Structures are given as structure tokens and as C-alpha cells.
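Student: The task is simple: from the sequences and hints, build the whole structure.
There are 6 protein chains.
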Amino acid sequence: MEIAVSRKAHFNAAHRLHVKEWDDEKNKAFFGNCNNLNYHGHNYDLIVTVSGEIDPVSGFLIDMKVLGAIIHEEIENRFDHKNLNMDCEAFKELNPTAENIAVVIWNFLRNRLEKHLKLKVILYETERNFVEYNGN
Amino acid sequence: MEIAVSRKAHFNAAHRLHVKEWDDEKNKAFFGNCNNLNYHGHNYDLIVTVSGEIDPVSGFLIDMKVLGAIIHEEIENRFDHKNLNMDCEAFKELNPTAENIAVVIWNFLRNRLEKHLKLKVILYETERNFVEYNGN
Amino acid sequence: MEIAVSRKAHFNAAHRLHVKEWDDEKNKAFFGNCNNLNYHGHNYDLIVTVSGEIDPVSGFLIDMKVLGAIIHEEIENRFDHKNLNMDCEAFKELNPTAENIAVVIWNFLRNRLEKHLKLKVILYETERNFVEYNGN
Amino acid sequence: MEIAVSRKAHFNAAHRLHVKEWDDEKNKAFFGNCNNLNYHGHNYDLIVTVSGEIDPVSGFLIDMKVLGAIIHEEIENRFDHKNLNMDCEAFKELNPTAENIAVVIWNFLRNRLEKHLKLKVILYETERNFVEYNGN
Amino acid sequence: MEIAVSRKAHFNAAHRLHVKEWDDEKNKAFFGNCNNLNYHGHNYDLIVTVSGEIDPVSGFLIDMKVLGAIIHEEIENRFDHKNLNMDCEAFKELNPTAENIAVVIWNFLRNRLEKHLKLKVILYETERNFVEYNGN
Amino acid sequence: MEIAVSRKAHFNAAHRLHVKEWDDEKNKAFFGNCNNLNYHGHNYDLIVTVSGEIDPVSGFLIDMKVLGAIIHEEIENRFDHKNLNMDCEAFKELNPTAENIAVVIWNFLRNRLEKHLKLKVILYETERNFVEYNGN
Numbered sequence: 001m002e003i004a005v006s007r008k009a010h011f012n013a014a015h016r017l018h019v020k021e022w023d024d025e026k027n028k029a030f031f032g033n034c035n036n037l038n039y040h041g042h043n044y045d046l047i048v049t050v051s052g053e054i055d056p057v058s059g060f061l062i063d064m065k066v067l068g069a070i071i072h073e074e075i076e077n078r079f080d081h082k083n084l085n086m087d088c089e090a091f092k093e094l095n096p097t098a099e100n101i102a103v104v105i106w107n108f109l110r111n112r113l114e115k116h117l118k119l120k121v122i123l124y125e126t127e128r129n130f131v132e133y134n135g136n
Numbered sequence: 001m002e003i004a005v006s007r008k009a010h011f012n013a014a015h016r017l018h019v020k021e022w023d024d025e026k027n028k029a030f031f032g033n034c035n036n037l038n039y040h041g042h043n044y045d046l047i048v049t050v051s052g053e054i055d056p057v058s059g060f061l062i063d064m065k066v067l068g069a070i071i072h073e074e075i076e077n078r079f080d081h082k083n084l085n086m087d088c089e090a091f092k093e094l095n096p097t098a099e100n101i102a103v104v105i106w107n108f109l110r111n112r113l114e115k116h117l118k119l120k121v122i123l124y125e126t127e128r129n130f131v132e133y134n135g136n
Numbered sequence: 001m002e003i004a005v006s007r008k009a010h011f012n013a014a015h016r017l018h019v020k021e022w023d024d025e026k027n028k029a030f031f032g033n034c035n036n037l038n039y040h041g042h043n044y045d046l047i048v049t050v051s052g053e054i055d056p057v058s059g060f061l062i063d064m065k066v067l068g069a070i071i072h073e074e075i076e077n078r079f080d081h082k083n084l085n086m087d088c089e090a091f092k093e094l095n096p097t098a099e100n101i102a103v104v105i106w107n108f109l110r111n112r113l114e115k116h117l118k119l120k121v122i123l124y125e126t127e128r129n130f131v132e133y134n135g136n
Numbered sequence: 001m002e003i004a005v006s007r008k009a010h011f012n013a014a015h016r017l018h019v020k021e022w023d024d025e026k027n028k029a030f031f032g033n034c035n036n037l038n039y040h041g042h043n044y045d046l047i048v049t050v051s052g053e054i055d056p057v058s059g060f061l062i063d064m065k066v067l068g069a070i071i072h073e074e075i076e077n078r079f080d081h082k083n084l085n086m087d088c089e090a091f092k093e094l095n096p097t098a099e100n101i102a103v104v105i106w107n108f109l110r111n112r113l114e115k116h117l118k119l120k121v122i123l124y125e126t127e128r129n130f131v132e133y134n135g136n
Numbered sequence: 001m002e003i004a005v006s007r008k009a010h011f012n013a014a015h016r017l018h019v020k021e022w023d024d025e026k027n028k029a030f031f032g033n034c035n036n037l038n039y040h041g042h043n044y045d046l047i048v049t050v051s052g053e054i055d056p057v058s059g060f061l062i063d064m065k066v067l068g069a070i071i072h073e074e075i076e077n078r079f080d081h082k083n084l085n086m087d088c089e090a091f092k093e094l095n096p097t098a099e100n101i102a103v104v105i106w107n108f109l110r111n112r113l114e115k116h117l118k119l120k121v122i123l124y125e126t127e128r129n130f131v132e133y134n135g136n
Numbered sequence: 001m002e003i004a005v006s007r008k009a010h011f012n013a014a015h016r017l018h019v020k021e022w023d024d025e026k027n028k029a030f031f032g033n034c035n036n037l038n039y040h041g042h043n044y045d046l047i048v049t050v051s052g053e054i055d056p057v058s059g060f061l062i063d064m065k066v067l068g069a070i071i072h073e074e075i076e077n078r079f080d081h082k083n084l085n086m087d088c089e090a091f092k093e094l095n096p097t098a099e100n101i102a103v104v105i106w107n108f109l110r111n112r113l114e115k116h117l118k119l120k121v122i123l124y125e126t127e128r129n130f131v132e133y134n135g136n
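As you go down the protein sequences, you meet chains A, B, C, D, E and F in turn. Our numbering puts the first residue of the first sequence at 1, with every later residue one more than the last. Our numbering puts the first residue of the second sequence at 1, with every later residue one more than the last. Our numbering puts the first residue of the third sequence at 1, with every later residue one more than the last. Our numbering puts the first residue of the fourth sequence at 1, with every later residue one more than the last. Our numbering puts the first residue of the fifth sequence at 1, with every later residue one more than the last. Our numbering puts the first residue of the sixth sequence at 1, with every later residue one more than the last.
Source of the hints: derived by calculation from the structure; they are not laboratory data. As the structure is a prediction and not an experimental result, all values here were calculated from the model. Keep in mind that the hints are not guaranteed to be accurate.
Since the list gives no way to pick one copy over another, a pair counts as held whenever it fits inside one copy or between any two copies.
Here are the simulated DSS-like cross-link-like pairs (lysine-lysine), alpha carbons at most 27 Å apart as the crow flies [what the hints assert, rightly or not]: (1) Lys-8 <-> Lys-28; (2) Lys-20 <-> Lys-92; (3) Lys-65 <-> Lys-26; (4) Lys-120 <-> Lys-65; (5) Lys-65 <-> Lys-28; (6) Lys-8 <-> Lys-115; (7) Lys-65 <-> Lys-20; (8) Lys-65 <-> Lys-92; (9) Lys-65 <-> Lys-118.
Tutor: Given below as C-alpha cells:
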């Protein structure tokens, strides 16, 4: 009897899409205005979904306050009010596309959750564009 | 060719998280202000998803008005403007966590749907916290 | 050159509509299931709007973090995860309708804001029902 | 390492639910006011989800601008500000239920995406009623 | 001490923008695809705001259930699942722009509310386009 | 008979709150993480409201497509996928607080609208923080 519990979080960050192996012209052609030299930014909305068995005594899968604290420590502290390319170790060599940010977030959270729990993240770059990653 | 049809509903209820087998101190420590003696409350949003084959003549999987009526009878009538702990038989012995409420809702709806249809429910306790259950 | 700055907050509470001067029958007839003896509850969303002149140096009307902290202290601390009728002094004698809750919130916040700032509050009892009060 | 990328689009259209093989009485009884002779209409919201492997160089699964352009050409151009029953070839013989519209949309998009990419569509007829189809 | 109480409603309708005094070419040039001969449609969202004094005994400005019933009778019954141009008397001679629909709605509701109450309506044609009218 | 017509737009931008007349320590103390040296960013949502008399023939106050085009030219082209501090002339000397951005936007739009139309803008920096400016 598996249940999934989700919690919403958010962070506001600057970023720029840029591949270091490509020259400026190719970056500009491929990423368009997302390649803007001086960055642009987003209000990222994040939905973290954890699934597993309900504890029959407490009626919880996971304490949402605990889950919220993990998201705060691992994700919001790292990324909120930051420049992803310049301020965040994770994107020193990795292009901060929504896809890559979602994978990075998943990895940070995976380390903090017990092994028997499954994990999925959905990252909204805007309300019109979002990505989903579950580690498979 | 399987399709999923979803319908949104909602109910406003009071509840309190409390495990009868635990003493007050443990309940308070574990559930925090969700254990408040005099209850608190939520606008619960519910998404009910039914999946199966489209009827080739009508073009419906299930008549959304029929599905809406079932949700109204089984869920809104039972839980809307109620105290889940005090007014609802289902939670006399069961702690009304979002996880447990979702399972209870799923069971009530499962009984009313034809066997060949799959069922999933998503229950939003707040717009930041929600759970999903599909009976597996 | 007047500008209005708004900040959203929320609290989850139980309540019951009941007028002490009326007998049970009249209360039931008038308030319907909102009069349920054992309470029901809501996720209240609150929008607090402060207006006045922009400070020409900082570019702020009011620091949103300061406004957020005032809302947290005055409103969320008082009402979140509470039973408005039983746990909150403000509603010992006052029926906690959305209208009355909005006026009570406005009064608490008015005391904490500088006199030259105007104040308006919008309180959503559900996403379909809301009230607005500006003290006039 | 599979990731899903979603993009939201929308179109505003008139339609009428009607099965040609049924007489008027049966259509009226079955579809109710959705069978209204002179049509009614909706703001359809569409979420298109494509999944596959992230390109390790660009960090993209698919360029969202390219995906957006495909949705615009195949779906918005065909259905936006149209009468689905009268103006759209796809529904000359097919009842434009949400279920059938989702399948039609999926087929149009499937033809434009590379084979190794999976495709899912979610179509909101209203914010309370929506359908999901992934071709299986 | 004036308070405003708002209630959200909705109706799904087909319409077409067309001025009878203009020829087809001028209509097409002016209204673009909103002039589509066979209509298109929308999920209209309506917010009705009533303002006045709170009743000191009940704590209500107006009973939201009563307000909801008036909106249902006057607006939803008239316009939901209808073709505004063909099925609705109000638009036989009047172009059903969002502006005109809002004025028509305001007039229907004004007749049903007590004189001492102020009335405002906001009509969303889409979530990106909306109009507001208060009778002044 | 005045009506207000609103249209929603959006732009994604990086910014940093910083007052040039203050030293780094004072900026850091006053603006906190909004002062982050390398910028952060937001999805700004903008609601532009124009009010005046309905044209009795067309039934329009203003053609929403025309209004949308003005917003696109004046605001989205200037600010979308930009660094407000570095890329935008308007903020070379002006701190890009939400308040100041709203005033700048209002001024750009005011120049493009006919004198008899009133103008108001609402700018959401996040869904929890927003400002409103109408030029008075």
C-alpha cells in the first residue's frame, strides 16, 4: 500500500544557459535570449514527491515538517537568491538548464532520504515550462 | 488505448492529528501544532482520476457528471463542513493525516466504480502539501 | 506618487459560525452547515496591502521582510492551527465570519504600521469566497 | 536517466457533444446541456510532456522553443478560435469530448516528434475536468 | 465601516464578435479570429463583489449562499453552456465583447440586490484578459 | 459608464537591490540576500489595466490585441531575459525594487496610450509579493 507525499517549495535565482565547449555564436544561436551575457532569472517552483508505505501508527509516510526542513537546507539555502552559474558549485561546469537543475536537486535530496523511500522532483522554471525527474 | 479522466472537488473540514496509543506529551512532540486540542482546519482539494478505455460511440470514458455525483455523495456529503475526528465514522479510530484521508476516500470511491476502471486520488491538504494514492 | 505593496500570507484554522444571542434552531437555520457543532475549517489566504510614498533612496515603500514579520507575529502566530472560536481571544464574543475576521486582522495590523501608511486586507475563506476591508 | 519536459499551451474553442448515430432525444438525455444545439465553448489548457534522455552537451531533452513551435503549428493553429465540430476536419465524424480531443492532439504531436521520445498530453476542458493520454 | 464580499462563479459559453452595422470585411479586419463565423468559446470566470455595512448581529454583509443562488439564477442559468449570440436575448443586438457581457451581468445582478449595497463585477474571458465594471 | 480592461503579461529577469550611495555593508544589512553581488532573478507577472468608456459600436474599450502588442514592445522587449541592473537603461541609476519597476513600466505604457484612458499596473515579483501603481 504505497502512498506519495508531495511538498512545494521555491527559490528565486539568476542563471544563463551557456555551453563552455561552444563558441559565443553557437551558444547565441542555440540558446537565444536564454544565453544573455548578463543573466536573467526565474522564480523556480519545486515539488518534491516521496513515496513509500504509511506508518500504521502515526499515519505519516514522512513528517512534512521534516521533509520541508530537508528541502530548505539542501535546496533553498543553496539556490535561493543566488546566481546559479556563478554562486553554486553544482553549476560551475554544468549548464543550468531546467533538466540539469532537476537532476542536481534530486541528487541532493536522495542523499538525505532513507533508502526505502522513492523520490521524484518536478521543477517549474515558469508556470508554462517544467521538468520531472525520478532517478530512473 | 487507455485514457485517464480527472475531476476536482473540495471540502472544508476541521481535524486534529492525534494517536490514541500515545500520551499527550508524545503527541505534542510528534505532531506539533497539528495536535492542537481544539482542532484546526483546511480547505481540502481533491482530484479523482479514473482510467480505462474510451467508449468508441459516446467518446466518454466515464460521464464526468456521474463521476461528480459519486464524489458528492461519497466524499463531500461525508466530510464537508465536518470535524473529521468527531463527526466522521472513518476517523473514530484512525488518525486523520492526509495520507489516511486519501486512503479512506479511495476506498469509498472504489466501491462505487466499475471493476475495470482504475482509480487514483490526489488530496491537497494545503496548496503546498498533498498526497496521492492509487490502491497499489 | 502613491504605490501599494501587497504580501500574501496564510493560516489554517477551525471555526464555527454561531450567534450566542440566538437559539440553536435559529443558528442552524441561518448558518446551515457552517454552524456544525464540532466545527469545520479552512486554509485562509490573506493579502495585506500597504500604500504610501516610495522612499526615494531605498526604492521601498516598506521592507517586505518587515511586513512579513509583522503579519507573522500578529496574525499567523495568533490564528494558525487554532480553533478561532475556542483558542482566540478576539472571537470569544465575536462570530468568526470572514467579514469579522478581516476586521480583526485589519485592527491588529493597523496598530503595528506607521500612521502615514494606508492599510487594506483581503481574506480568502476559500478560493471562491473572500472579503476586503480597508478601515473606512 | 530519463527526464520529462512539459510545456503549457492553450486554445479557446466552441464545441458541442453529439453522437450522429443517436437521435436528438438520446443525445439530449446523455449529454445534457453539453449537447446544446448552438454550441458552447471552453478555454482549453494543454500540457504536453515529452520524455527521454538529456543531451549531455546542451543539457536539453528538447528545446522548449522548438516544442512550443510544434504545439503552435499543430494544435493552436488548428483549434484556437474555432468551432471544433464545424471548422476542424478531425471532428467531422468524431464527437469532440475531452477524451477524443486529447487523443487527436496526441496523434498530431506524435507525428512531429522523434521516435525515441515518449509523449503524454493533459487537456483541461475546465480547471475542474481534465484528461490525460499517453498512447498506450 | 464598509466591507466588500466577493464570490466566484463561472460559465462556459460560445460567442463570436460581430458588429451587424459593419460588413464582413470590416468585421474580419477589426475582430480577427474572434469574428470566426462558426463561433469559438471560453470558460468565463466571474467575481461578484458586493459592499456595504456588516450586520452587527450575524457578522454577515450578505449571506454568501444567498449571493451564490442569485448568481446561479441570473447568470449561470442564462449563460452556461449557451451560445451567447444565438441563445441569449441580451446579445441579440449587442456584441458579446467581455466589456458588454460584464455590463449585462452587472445589470442583471443589480436588480436582485438591495439598494444600499454596492456592486462590482470582474469577468475573466481568459486568465490573461479580464474586465471590471461597477456601474459608475 | 467606465469599464476597466486588464491584460496579463510576463517577463523573466535578473536583478539585484543595491543603492549606490550606500556602502556594501549598509546595502547588505538593508537588502539582505536581495543584495547578492551576482544577482538573482524572478518571473515577473504584470497586469496592465486600462479604463475608460466602452465604444458603443465595437463594444471594446481598447482592442486587447493592440494593448498586448504595446505591452510586448514597451515592456517585454525591454525587460524579458535581461539583467535589469546591467542591461536596462531605466535602472542604470535607479534601484530595481518592485516599486520602482512598476513606476517605470507605468511611464513607458502611459506614453503609448491615449490621454483619455486611465492606466494602472500591478507587478508580481513573486506570487506572494506584488505592487500596484496608477500614477496618482
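Student: Each of the hints needs a verdict: does it hold here or not?
Tutor: Hints and how they fare:
For a Cα distance limit of 27 Å, the shortest separation of Lys-8 from Lys-28 across copies, 25 Å, qualifies, whereas the shortest one inside one copy, 33 Å, does not. For the homomeric pair Lys-20 and Lys-92, the shortest alpha-carbon distance inside one copy (10 Å) is at most 27 Å, but the shortest distance between copies (29 Å) is not. Taking the shortest alpha-carbon separations for Lys-65 and Lys-26, only the inter-copy value of 16 Å comes in at or below 27 Å, while the best intra-copy value is 45 Å. Taking the shortest alpha-carbon separations for Lys-120 and Lys-65, both the intra-copy value of 18 Å and the inter-copy value of 25 Å come in at or below 27 Å.
In this homomeric assembly, Lys-65 and Lys-28 come within 27 Å of each other (Cα to Cα) only across copies, at 14 Å, whereas the closest approach inside a single copy is 43 Å. Only within a single protomer do Lys-8 and Lys-115 lie at most 27 Å apart by alpha-carbon distance; the minimum there is 22 Å, versus 33 Å between protomers. In this assembly of identical chains, Lys-65 and Lys-20 lie within 27 Å of each other by CA distance solely across copies; the values are 21 Å between and 40 Å within a copy. When the C-alpha separation of Lys-65 and Lys-92 is checked against a cutoff of 27 Å, the pair qualifies only between copies, where the shortest distance is 25 Å, while the shortest distance within a copy is 31 Å.
For the homomeric pair Lys-65 and Lys-118, the shortest alpha-carbon distance inside one copy (18 Å) is at most 27 Å, but the shortest distance between copies (32 Å) is not.
The structure fails none of the hints (numbered hints given earlier).
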